[in-house]
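A.B. asks: Protein sequences appear in the order of chains S and U. Take 466 as the starting number for the first sequence in the numbering used here and just add one per residue. Take 466 as the starting number for the second sequence in the numbering used here and just add one per residue.
Each hint should be verified, as a subset may be incorrect.
It does not matter which identical chain is used: a pair holds within one copy or between any two.
[Stated by the list, open to error] List of simulated lysine to any residue pairs, SDA-like, C-alpha gap at most 20 Å:
1) 505 / 492
2) 488 / 515
3) 524 / 492
4) 500 / 535
5) 488 / 537
6) 475 / 527
7) 488 / 514
8) 529 / 474
9) 475 / 530
10) 524 / 481
11) 488 / 516
12) 518 / 480
13) 488 / 517
14) 467 / 534
15) 524 / 499
16) 500 / 534
17) 518 / 477
18) 524 / 469
Worth flagging that the hints you see were computed from the coordinates, not collected in a lab.
2 protein chains.
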Amino acid sequence: MKARVYVQLKPGVLDPEASVVSKTLGTMGFDTLSKLDMGKFFDIELDVDSTEKAEATLKEMCEKLLSNTVIENYKIEIQS
Amino acid sequence: MKARVYVQLKPGVLDPEASVVSKTLGTMGFDTLSKLDMGKFFDIELDVDSTEKAEATLKEMCEKLLSNTVIENYKIEIQS
Numbered sequence: 466m467k468a469r470v471y472v473q474l475k476p477g478v479l480d481p482e483a484s485v486v487s488k489t490l491g492t493m494g495f496d497t498l499s500k501l502d503m504g505k506f507f508d509i510e511l512d513v514d515s516t517e518k519a520e521a522t523l524k525e526m527c528e529k530l531l532s533n534t535v536i537e538n539y540k541i542e543i544q545s
Numbered sequence: 466m467k468a469r470v471y472v473q474l475k476p477g478v479l480d481p482e483a484s485v486v487s488k489t490l491g492t493m494g495f496d497t498l499s500k501l502d503m504g505k506f507f508d509i510e511l512d513v514d515s516t517e518k519a520e521a522t523l524k525e526m527c528e529k530l531l532s533n534t535v536i537e538n539y540k541i542e543i544q545s
């Protein structure tokens, strides 16, 4: 079973890296840029036979390792 | 215009971070994990009036700053 997990800072949490990328694009002449946020994703393959098991496993992975739930949100998308 | 840009190492390029995350999940007992890849994404808003302009701008951003095209692939998804 394949899935993609998105992890992103919660709204309101400062993201200095996104800030720098955004400012740099501005100084490079990209003046139509109005907003930029960053995040990471994980493409994960699991040897499980049901979507339910995959979701439960991925949720546990997110809560325990893949995301810092104090400052980050995660979103799980089962692909096949 | 909103878009999401995905940046990921090309297949075959070593990713030590993904490797560590994968091994750590294994030692934590997630024995159904068969593959894990990582990447990053950018949620970008542009003040442009056409999808074509947005795509051209985003492509230029990717080629010039957001990705290292020697070792990374990028994918642009216009959302609205």
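A.B. asks: At 20 Å max between alpha carbons, let me know whether residue 524 reaches residue 481 within a copy, between copies, both or neither.
C.D. replies: neither (27 Å within a copy, 23 Å between copies)
A.B. asks: Regarding residue 518 and residue 477, is the shortest C-alpha distance of 20 Å or less found within a copy, between copies, in both, or in neither?
C.D. replies: neither (33 Å within a copy, 30 Å between copies)
A.B. asks: Checking an output row: residue 467 and residue 534, CA cutoff 20 Å. Within, between, both or neither?
C.D. replies: neither (23 Å within a copy, 26 Å between copies)
A.B. asks: Classify it for me, residue 505 with residue 492: is the Cα-Cα distance of at most 20 Å met within a copy, between copies, both or neither?
C.D. replies: neither (25 Å within a copy, 22 Å between copies)
A.B. asks: Measure nothing new, just compare the shortest in-copy and cross-copy C-alpha distances for residue 488 and residue 514 to 20 Å and report within, between, both or neither.
C.D. replies: neither (46 Å within a copy, 22 Å between copies)
A.B. asks: Between residue 524 and residue 469, at a C-alpha cutoff of 20 Å, which is it: within one copy, between copies, both, or neither?
C.D. replies: Intra 12 Å, inter 23 Å, cutoff 20 Å: intra-copy only.
A.B. asks: Have a look at residue 500 and residue 535 and pick one of within, between, both or neither, based on CA distance no larger than 20 Å.
C.D. replies: Neither: 24 Å inside a copy, 27 Å across copies.
A.B. asks: Evaluate residue 524 and residue 499 at a C-alpha cut-off of 20 Å and name the case that applies: within, between, both or neither.
C.D. replies: Answer is between: at 16 Å across copies they meet the 20 Å cutoff, but 33 Å inside does not.
A.B. asks: When no copy is specified for residue 500 and residue 534, does a C-alpha distance of 20 Å or less occur within a copy, between copies, both, or neither?
C.D. replies: Cα proximity of residue 500 and residue 534: none, with 24 Å in one copy and 23 Å across.
A.B. asks: My question is about residue 529 and residue 474: at a cut-off of 20 Å on alpha-carbon distance, are they close within one copy, between copies, both, or neither?
C.D. replies: Cα proximity of residue 529 and residue 474: one copy only (16 Å, versus 25 Å across).
A.B. asks: Could you figure out if residue 475 and residue 530 sit no more than 20 Å apart (CA to CA) within one copy, between two copies, both or neither?
C.D. replies: within (17 Å within a copy, 24 Å between copies)
A.B. asks: Up to 20 Å between alpha-carbons, please classify residue 518 paired with residue 480: within, between, both or neither.
C.D. replies: neither (33 Å within a copy, 27 Å between copies)
Hint compliance for this structure: hints 1, 2, 4, 5, 7, 10, 11, 12, 13, 14, 16, 17 are not met, and every other hint is.
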